[in-house]
Structure formats: structure tokens, C-alpha cells
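Protein sequences, first through last, are from chains A and B.
Counted the way this note's numbering counts, the first sequence spans residues 155 to 641.
Counted the way this note's numbering counts, the second sequence spans residues 274 to 559.
Because the hints were derived from the structure by calculation, they are not lab data.
These figures come from a predicted structure and were not determined experimentally.
Don't take each hint at face value.
Said to hold, decoys possible - Covered stretches of chain B, going by a simulated chain A footprint (3 or more residues, C-beta under 8 Å):
#	stretch
1	403–413
2	435–449
Unchecked claim - In the DSS-like style, the derived pairs of lysine-lysine whose C-alpha atoms are separated by at most 27 Å in a straight line are:
#	chain 1	residue 1	chain 2	residue 2
3	B	K510	A	K545
4	B	K390	B	K300
5	B	K450	B	K479
6	B	K450	A	K545
7	A	K341	A	K265
8	B	K453	A	K540
9	A	K320	A	K399
10	B	K291	B	K329
11	B	K510	A	K540
12	A	K540	B	K450
13	B	K510	B	K539
14	A	K265	A	K320
15	B	K516	B	K553
16	A	K466	A	K341
17	A	K540	B	K511
18	B	K553	B	K510
19	B	K390	A	K545
20	B	K453	A	K545
21	A	K540	A	K466
22	A	K540	B	K300
23	A	K341	A	K307
24	B	K450	B	K390
25	B	K553	B	K329
26	B	K329	B	K450
27	B	K329	B	K453
28	B	K300	B	K329
29	A	K605	A	K311
We treat Cβ as the ideally placed atom computed from N, Cα and C, and that holds for glycine.
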Amino acid sequence: MSMKKLTQEQAPIYEALQRFRKMRVVPFDVPGHKRGRGNPELAALLGETCVQMDVNSMKPLDNLCHPISVIRDAEILAAEAFGAAHAFLMVGGTTSAVQSMVLSVVARGEKIILPRNVHRSVMGALVLCGAVPVYVNPACDERLGIPLGMSVKDVEKAIKENPDAKAVLVNNPTYYGICSDLRSIVKLAHDNNMLCLADEAHGTHFYFGENLPVSAMKAGADMAAVSMHKSGGSLTQSSLLLANKSMSEGHIRQIINLTQTTSGSYLLLSSLDISRRNLALRGKEAFARVSQLADYARNEINAIGGYYAFSKELINGDSIYDFDTTKLSVNTLDIGLAGIEVYDLLRDEYDIQIEFGDLGNILAYLSIGDREREIERLVGALAEVKRRFAKSDKTGLMEHEYIDPEVAVSPQEAFYAKHESLPIEQTAGRVCSEFVMCYPPGIPILTPGEKITQPILDYIKYAKEKGCSMTGPEDAQIERLNVLKEV
Amino acid sequence: MDFWFSEAHTPNVKLSIKVDRQLYSGKSEFQRIDVFDSPEFGRFLALDGYMMLTEKDEFIYHEMITHVPMAVHPNVKKVLVIGAGDGGVVRELTQYHNIEHIDMVEIDPLVVEVCKKYLPKTACRFHDERLTIHYEDGLKFVRSRENEYDLIIVDSTDPFGPGEGLFTREFYGNCYKALKEDGIMVNQHESPFYDADATAMQRAHKRIVESFPISRVYQAHIPTYPSGHWLFGFASKKYHPLKDLKETAWNMYSIPCKYYTTTLHKGAFYLPAYVEEMLKDVESEC
Numbered sequence: 155m156s157m158k159k160l161t162q163e164q165a166p167i168y169e170a171l172q173r174f175r176k177m178r179v180v181p182f183d184v185p186g187h188k189r190g191r192g193n194p195e196l197a198a199l200l201g202e203t204c205v206q207m208d209v210n211s212m213k214p215l216d217n218l219c220h221p222i223s224v225i226r227d228a229e230i231l232a233a234e235a236f237g238a239a240h241a242f243l244m245v246g247g248t249t250s251a252v253q254s255m256v257l258s259v260v261a262r263g264e265k266i267i268l269p270r271n272v273h274r275s276v277m278g279a280l281v282l283c284g285a286v287p288v289y290v291n292p293a294c295d296e297r298l299g300i301p302l303g304m305s306v307k308d309v310e311k312a313i314k315e316n317p318d319a320k321a322v323l324v325n326n327p328t329y330y331g332i333c334s335d336l337r338s339i340v341k342l343a344h345d346n347n348m349l350c351l352a353d354e355a356h357g358t359h360f361y362f363g364e365n366l367p368v369s370a371m372k373a374g375a376d377m378a379a380v381s382m383h384k385s386g387g388s389l390t391q392s393s394l395l396l397a398n399k400s401m402s403e404g405h406i407r408q409i410i411n412l413t414q415t416t417s418g419s420y421l422l423l424s425s426l427d428i429s430r431r432n433l434a435l436r437g438k439e440a441f442a443r444v445s446q447l448a449d450y451a452r453n454e455i456n457a458i459g460g461y462y463a464f465s466k467e468l469i470n471g472d473s474i475y476d477f478d479t480t481k482l483s484v485n486t487l488d489i490g491l492a493g494i495e496v497y498d499l500l501r502d503e504y505d506i507q508i509e510f511g512d513l514g515n516i517l518a519y520l521s522i523g524d525r526e527r528e529i530e531r532l533v534g535a536l537a538e539v540k541r542r543f544a545k546s547d548k549t550g551l552m553e554h555e556y557i558d559p560e561v562a563v564s565p566q567e568a569f570y571a572k573h574e575s576l577p578i579e580q581t582a583g584r585v586c587s588e589f590v591m592c593y594p595p596g597i598p599i600l601t602p603g604e605k606i607t608q609p610i611l612d613y614i615k616y617a618k619e620k621g622c623s624m625t626g627p628e629d630a631q632i633e634r635l636n637v638l639k640e641v
Numbered sequence: 274m275d276f277w278f279s280e281a282h283t284p285n286v287k288l289s290i291k292v293d294r295q296l297y298s299g300k301s302e303f304q305r306i307d308v309f310d311s312p313e314f315g316r317f318l319a320l321d322g323y324m325m326l327t328e329k330d331e332f333i334y335h336e337m338i339t340h341v342p343m344a345v346h347p348n349v350k351k352v353l354v355i356g357a358g359d360g361g362v363v364r365e366l367t368q369y370h371n372i373e374h375i376d377m378v379e380i381d382p383l384v385v386e387v388c389k390k391y392l393p394k395t396a397c398r399f400h401d402e403r404l405t406i407h408y409e410d411g412l413k414f415v416r417s418r419e420n421e422y423d424l425i426i427v428d429s430t431d432p433f434g435p436g437e438g439l440f441t442r443e444f445y446g447n448c449y450k451a452l453k454e455d456g457i458m459v460n461q462h463e464s465p466f467y468d469a470d471a472t473a474m475q476r477a478h479k480r481i482v483e484s485f486p487i488s489r490v491y492q493a494h495i496p497t498y499p500s501g502h503w504l505f506g507f508a509s510k511k512y513h514p515l516k517d518l519k520e521t522a523w524n525m526y527s528i529p530c531k532y533y534t535t536t537l538h539k540g541a542f543y544l545p546a547y548v549e550e551m552l553k554d555v556e557s558e559c
């Protein structure tokens, strides 16, 4: 297939789909909607082009489980664009990319060093493979009440105390746009015979924009999970897994095929292919514009007064080693409202949906699709929220939201152990057997195997009162929690 | 040669106007701008293919959006006009000698430039020394103003495209803040007739009711706008559009009008039953 040299101007999967359409092949294969004819309502909703592209793996379109032609070419181009040795197109979200990454490097009983504010997908991977987490406390910013990056010293300490650990995982960046000193952490890990993995769910643009934090591949990390559908512009649920030359491509492919669908969606695959081309050809200018829009919004929001739209001034050389200026995070504590309250007001009163609100902050996600006029609406609405709803007392707000976890048993052991359900107020001192997530931003409060403490229970109660969506436990109301049976 | 301008008023209805010639076509950062000459309606302006004004019927819109609030507020000195790049509202306003200052905020400088060149009947008072034109986003401009204006006229395009921000709760709230304690805001309020327009009309009304203590709607007949039946919003902090109408005072201005009279002013607030019901529906949600 790839006799002539591939270039970033090409989009092999997209081009193959175009060719395939012109062939007018008669489908006696899945999907059963047969180019939409069998489901006219769906065809009307999504459009002809879309349903006609929803086809099965076949010779002219390659096969995601064992790519040898156009998907292979698209992966080669993606690897080149991201400066990686291998790239894998993923259709199960960045969750599947993160899990395949973790499963590729640790097995049952092996240790992996993680910041506590890892995404739930990492915890899911640990339940699946039986590896043991070693948490590094992210530092916490007192004023903003958000978890920061990992301090290099803390990573060093974790490595010293756990010389048998197999890997270190780093968020690059966090949901809030904060980066650890990735280059130093990669070096530390490699010097101690550990691999370094990066969760880059929020960092796709680092590979293309200028004046942005260093990307994992450039910093020398061994693997990275990159959420193309976030800042990269591809369809929801499409993602990339990147690997450096230290990793075996075949091994990673085997791991991916353990859990990934054998019916990879060509809508998702072609969206990855087109987005990669777009980023490679125009990413630099596009992200310069996003940064400029975010800077403008920060200045305007800070001029309203009360709000604090933070940026690079936070950089401290360690736990905030760098800041992603495309992220528009705004602290709301000084107007007397919780971030989640502002988040709700923006949606209910102003028809503006932002990415998330936590106790003290909101995050508005800016991307290559934003225009000035929407920024003006956001800033105008924030000015109105302050005028109409600001409160002078700040006493109701909890300023710290990071609680140190105490790992009693491995996540897998806890997940599968015998457990019992108790009213939540009676669970202090017991070992939790399920997840408790505060969503957004989807950072665990409790994970299976951790000891429940009173401050954790207070925090859950408070976050519930503030309207955060709490997920994970079997009891959706979170009035009861499952704990390990005491032996 | 058969040369027609057509605008879809709904997916199933269109209005076509026979065109003599196209005088201008251009694309700004915000929209496509076209100017035509027509035998029936004279010269007309279209933005993104939507009819904005014709020389034949623009007087209805511009008189009704300007004189209604001017006959209610007893002493307008400072006015903010949002949009209005064609100059029609400014033409009406500059007839009032008591007005000391007009800020006009138009997002698209090319609209003003094109109107100055091709639509001299509306764009005829841009040189008035009381007028300052600001080329920026209306929402942005009004955000930083507080307790400053007696009257705000929102002469917007439709609530999709560049005019969208001018139909939002944040914009109306910002306008409330920018008005003095007895200020009035008047806005282009869409039509109650076709479904999509009626929905936009109801949404705008709901948001204004939520933002102002007094919020009333009045009507006019504008042949080239969808259904010909058009509404305006009258939102006010203090003055009632009928109880505070100053008929004699306004008539003393002796402003020549072809549509507006103080008698019509009163009639314009008496709406068809189905329109009243639509407005009540959203008021009850507030």
C-alpha cells in the first residue's frame, strides 16, 4: 500500500473511505443499517455522508486490530506528527489509551508511582491488572484549592522508597493546565530503571503549539495517552496512544486488543486521521490563536474584579513547573460563590456550558473552534453573575479539597473482596471497596482499598451539598458505602 | 433577464424581490454584505442573504424603534445605539436637540462604509458631532458601562450569526447596568408569526422580563420582514410606555414622521390575542 512516501498532507483512512464510497460496494456485511437504509430516522439525524461512512473493517479499509494498510499508514503519520516511534489509533476514548498504557507496563503485584489526582481510568487499569499504586501527593495551592503537579523531590522520595516500582505516571498537564517538571521526572525514572508514562488527556496541543509546556514524547517519556478529541478536534471517544522506541509495538498492540473493540468505528478513525493532518499542517497557528483568545479572556475576566483567572504567574519551578495558557481556569472564591455554583448559573441563566466547576474554580475549555464573540458572551455573563449573585461572605466555602489517601490493600484485591454496605456515617475507619468520584473533574476521593476517614466523609457531604455530581458507589445517592468485611 | 433576490422566510416560504442590478457585494470578517437596486423597493441591503432594509419601508422600522421611547422618557441626553450600521436610527435620533451624546456601537466597520456609499437615505447623519462610532462587539462595549445612558436602542440583526450575543441574558443584564435609574432599552424583537422567529421572540422576551421591572412589547408592519408583522421590546426601569407617554411634549418637537404618531404609539402596544398569549406563556415561567 505504502509504496510512495507518506506525507502529512495525506489522510490515508479518509482517502480510502472516499475511494470506497465511489466503488458503490453492495453490503452483505455489518453494520446492519446498510448505509443508513435500514434506519431512516438515524440517517436523517446524522446525515447521508455520516451513515455511509459507518462501515465494517474490510480489505480496502484495513483492520484496527491488525493494521497492515491504510490504518497502518495513518498510524505511521500520527507517530511522525507527534514525534513518537509508534502511534496507535484508539476508539474507546482516552480511557482506553490510558488503560492500555498502564497494562503495557505493570502486572499483578507490581508497583506504579502515581500522582493522586490521576484520572479514574488509571484506577480502573489497576483494578484490571492488580498493580499496586504508590501515591505522590500533588502539592495543593492554598488560595485556589486545587491539586498541583508532582514535586520532583516527592517523586524522588517515592522512587527511593519503592526501588522495585516499574513505572512513574505523570499528568501532563492536569485538568487545570498545570505541569510537573516532566523532563526531570523522566530522567529520574530512567536512572532508576523505571518507565515514565504521561496522561496527556489535556495536552494534545503541546505537540503543535508554540510557547506551550513540553510534550511527553519530546521530554523522553516512554508512553503517552493523548486525547485527540479534546484539544485536537477529532470526534468524541477517539484518542491516540503514543510510544517511544523503548517500547515494543507488538506488545502494546496485544494489550490494546485485550479490551478494544474488533469493530472500530470508521467515523472515529477518519476523524483521527483528518485531525492529525489538520494539526500537522495548521496546528501552530491554530493554537497560537487559542492562547491569544485565552489571554484576552483572562485579562477581561480579571478586570471585572473578584474573579481570578490564573496563568503563568503561578509558576514556581517545581509543583507548578509550567502552565498551559490555552486553559481558562478561573477562581471564583472572592465573589463568594463556589465554582460549581458559577458553573450552574452560567448554564441555567445564560445558556453557557463550561467544562467544569469545582469548589473554588471553573474551567472554560477553549479550543480551535472558538471565536471572539463567544468569549464576549462568557465574559459578559461572568460580569452579570458577579453583579447579580455575588455574596460578601466566603465562610461557606471549603478551601482545601485535597485529602491524603491511605492505601490499605491493592485496588484489585479490594474490588473483588467480600464487602458489606454500611450507612456512610458509620464507615469511618473501614476500608472502602468502591470508587467515590467527584465529577467533574473526575478525580478520586476514595478508591478501592483505601481507608475511610472523617475528613473524607465531611468532604463527600460538602461536595454533595454544593451540587457536585458524585459517582462510583453502588448506592447512587451515596448514602451508603461498600466497605471490606472485617475478618 | 430575470434577476430576483430571494430570502427564505421559513424552509417553506420565500419572499422574492425583482432586482435591477447589484451595486455591491463583499465579505467582511463577520458577514456577507450585498446592496441591490430594485424597481419596487428601491435600494436595499442584505446581510448574509437576509434583508436588512429597503429604501421603501425602512422608515417604519426606524421611526418605531426610536420615537416610541423618545416620547416616553422626558429628558434623554445620552443614548447608546447597538448595531444600526445603516444609519437609520442615528438619522432619527439626531432630530432631537435635547440629545447631547450618542454612542453607536457597530461590530462591522464595512457595513457602515458600504451604507455611507450606497444608502445615503439612511446613512446621512454620521457626521453629526454628537455622535461617536465605536467599532466593537456590543456585548463587550456595554459590559464596562454603568449608570450612564438614558436610552439604549438595540438595532440588531437576527439572533443567529454576529447578532446572537445581543439576544442573551448577559447582554440585557449588562444593558440594565449601563442605564441610569430611569433608563429605557428598546430592542428589535423578531416576529411572532413563523415558528422559528416566534421562538426567538419568546426567548428574548423571557430574558428581558427577567432583567427589567417593566417589559412590554409593541408592533409594526414591515412588508419586507418575514410575515410583515414585526415586534419591538420596550424595557424600562421606571417609565411605563403608555402611562408615561408625553404626547404634547413629543408633538412639540414637530418631527416629521411617515409612520409614527402618538396615537399609533398607544395602539402599537395592543397586541393580537395569540401574541399576548405567547408573551404570557414565557412571563409565567419567570
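Structure-based check of all given hints:
{"no.": "1", "hint": "403–413", "result": "holds (count 3)"}
{"no.": "2", "hint": "435–449", "result": "holds (count 9)"}
{"no.": "3", "hint": "B:K510 <-> A:K545", "result": "holds, 24 Å"}
{"no.": "4", "hint": "B:K390 <-> B:K300", "result": "holds, 16 Å"}
{"no.": "5", "hint": "B:K450 <-> B:K479", "result": "holds, 18 Å"}
{"no.": "6", "hint": "B:K450 <-> A:K545", "result": "holds, 18 Å"}
{"no.": "7", "hint": "A:K341 <-> A:K265", "result": "holds, 18 Å"}
{"no.": "8", "hint": "B:K453 <-> A:K540", "result": "holds, 19 Å"}
{"no.": "9", "hint": "A:K320 <-> A:K399", "result": "holds, 17 Å"}
{"no.": "10", "hint": "B:K291 <-> B:K329", "result": "holds, 14 Å"}
{"no.": "11", "hint": "B:K510 <-> A:K540", "result": "holds, 20 Å"}
{"no.": "12", "hint": "A:K540 <-> B:K450", "result": "holds, 12 Å"}
{"no.": "13", "hint": "B:K510 <-> B:K539", "result": "holds, 19 Å"}
{"no.": "14", "hint": "A:K265 <-> A:K320", "result": "holds, 6 Å"}
{"no.": "15", "hint": "B:K516 <-> B:K553", "result": "holds, 20 Å"}
{"no.": "16", "hint": "A:K466 <-> A:K341", "result": "holds, 24 Å"}
{"no.": "17", "hint": "A:K540 <-> B:K511", "result": "holds, 24 Å"}
{"no.": "18", "hint": "B:K553 <-> B:K510", "result": "holds, 20 Å"}
{"no.": "19", "hint": "B:K390 <-> A:K545", "result": "violated, 51 Å"}
{"no.": "20", "hint": "B:K453 <-> A:K545", "result": "holds, 24 Å"}
{"no.": "21", "hint": "A:K540 <-> A:K466", "result": "holds, 25 Å"}
{"no.": "22", "hint": "A:K540 <-> B:K300", "result": "violated, 37 Å"}
{"no.": "23", "hint": "A:K341 <-> A:K307", "result": "holds, 13 Å"}
{"no.": "24", "hint": "B:K450 <-> B:K390", "result": "violated, 36 Å"}
{"no.": "25", "hint": "B:K553 <-> B:K329", "result": "violated, 34 Å"}
{"no.": "26", "hint": "B:K329 <-> B:K450", "result": "violated, 36 Å"}
{"no.": "27", "hint": "B:K329 <-> B:K453", "result": "violated, 35 Å"}
{"no.": "28", "hint": "B:K300 <-> B:K329", "result": "holds, 25 Å"}
{"no.": "29", "hint": "A:K605 <-> A:K311", "result": "holds, 23 Å"}
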